[in-house]
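Enquirer: All chains should be modelled from the sequences, with the hints used to inform the complete structure.
Number of protein chains: 2
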Amino acid sequence: MITSAQNPLLKEIKRLQRKREGGRFVAEGEDLVAAADAAGWRAVHRLEAGIDVEPALLDGVSALGSGTRVLAVYEQRWAEAPVGPLALYLHGVGDPGNVGTILRGALAFGAGSVVLGPGCADPYGGKAVRASMGALFSVPVVRAALGDCPAPRIALVAREGAVLRGTDGAGTLVVGAERTGLPDEVVAGCEAVAHIPIAGESLNAAMAATVALYEFTKRLEP
Amino acid sequence: MITSAQNPLLKEIKRLQRKREGGRFVAEGEDLVAAADAAGWRAVHRLEAGIDVEPALLDGVSALGSGTRVLAVYEQRWAEAPVGPLALYLHGVGDPGNVGTILRGALAFGAGSVVLGPGCADPYGGKAVRASMGALFSVPVVRAALGDCPAPRIALVAREGAVLRGTDGAGTLVVGAERTGLPDEVVAGCEAVAHIPIAGESLNAAMAATVALYEFTKRLEP
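In order, the protein sequence lines correspond to chains W and L.
The opening position of the first sequence corresponds to residue 1 in the numbering used here, with each subsequent residue numbered one higher.
The opening position of the second sequence corresponds to residue 1 in the numbering used here, with each subsequent residue numbered one higher.
Everything labelled a hint here was simulated from the structure, so no lab data went into it.
Treat each hint with caution, since some may be false.
Any copy, or any two copies together, can satisfy a pair, since identical chains are not distinguished.
In silico lysine-lysine, DSSO-like type, Cα no more than 30 Å apart, as pairs [unchecked claim]: (1) K19 - K127; (2) K11 - K218; (3) K14 - K218; (4) K127 - K14.
Expert: Pasting the structure below:
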């Protein structure tokens, strides 16, 4: 049992909470660790309060305000290339909560992978991991260029192009940041432009991605 | 210009940040205050950094980690009864971020009102107001019973009932908490049960509500 705050593992965890280095990341809480187990991930380190470490020391390295009962360190996994048939490509989605929520939507609606373009938040950061509710352990993530994503690539642009309609559930949904949207060169790299019909105001990136995934996959239901 | 932290208005704002009392609430940041302006809300108090108050003092009463440049106090508005034709009824949605995101979805897809049942987070709390991105100023909120909501009332229950399909965009979508779902007596008070088809895991309340609103309103498009 770890009984000193000077323990090297606790120090490593503290460093990882600030900055992912060496390809590792931290997941906290029973739900996330259970999601990792269920998805077949093996932790590099796993600390349970009162068994492996004194509870107060674990709380001391927790990024959660309320402390935690279990915390584990994993090796990041990155896919080598975008996985289809349906992929999601994010451009400039800098909010880690949105990236995590999008991973959750991707899992719910069966997307093959989430592809991160420039300016996206780190999916292995604490906020993104928490917002993903463990989906990060199941949905492949990859850093890749739009051109390497499955065609047709469909740019979601507010109030432009056709109304988004699901086809056969194959292709890449391209989602930009909430305020700035997709830059022209990204739209130019897509085969189609579509929008989600809304009555007022805007959707954030996570809501738009979730609705688009829904639209694209629901017709696949029997 | 306010130059003392002992100023009574700053003290009132600090109290309101902790606990809504006297039917007032705080909105921070240019975007939220602009949304209130656009929706025709008049602030009871409005403080701009450097004009009405010393910037450091405004930061001192801000609930945002980064401080704020403008902050305003408003009177809460509650609708007297659920507004249709399409309403959203929330039961036990205790997370303020979800309540705010649902308000945003309600605005985007043109729901008439968001009805709060038992166990829902305060839509006028800081987190909910921020997550709503100002939608709170445009979508009527009301505390009311399920029986007072427009029929048909459709309970969203994971993997039960029919696949959710939009009809004529009228009725009430009934959404429960992520983990516990809807209690039996709430489902019994609905005319129908439906689910959103998903491939894996679950959707959170905000994602489910957003997708359901989309499904219900998209057929109204020309």
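Enquirer: It remains to establish, for every hint, whether it holds in the given structure.
Expert: Hint check results:
1. K19 - K127: Both, since 12 Å and 26 Å are each at most 30 Å.
2. K11 - K218: So K11 and K218 fail the 30 Å test inside a copy (46 Å) and across (52 Å) alike.
3. K14 - K218: Classified as neither; 42 Å inside a copy, 47 Å across copies.
4. K127 - K14: Classified as both; 15 Å inside a copy, 27 Å across copies.
Violated hints, in rising order: 2 and 3; the structure is consistent with all others.
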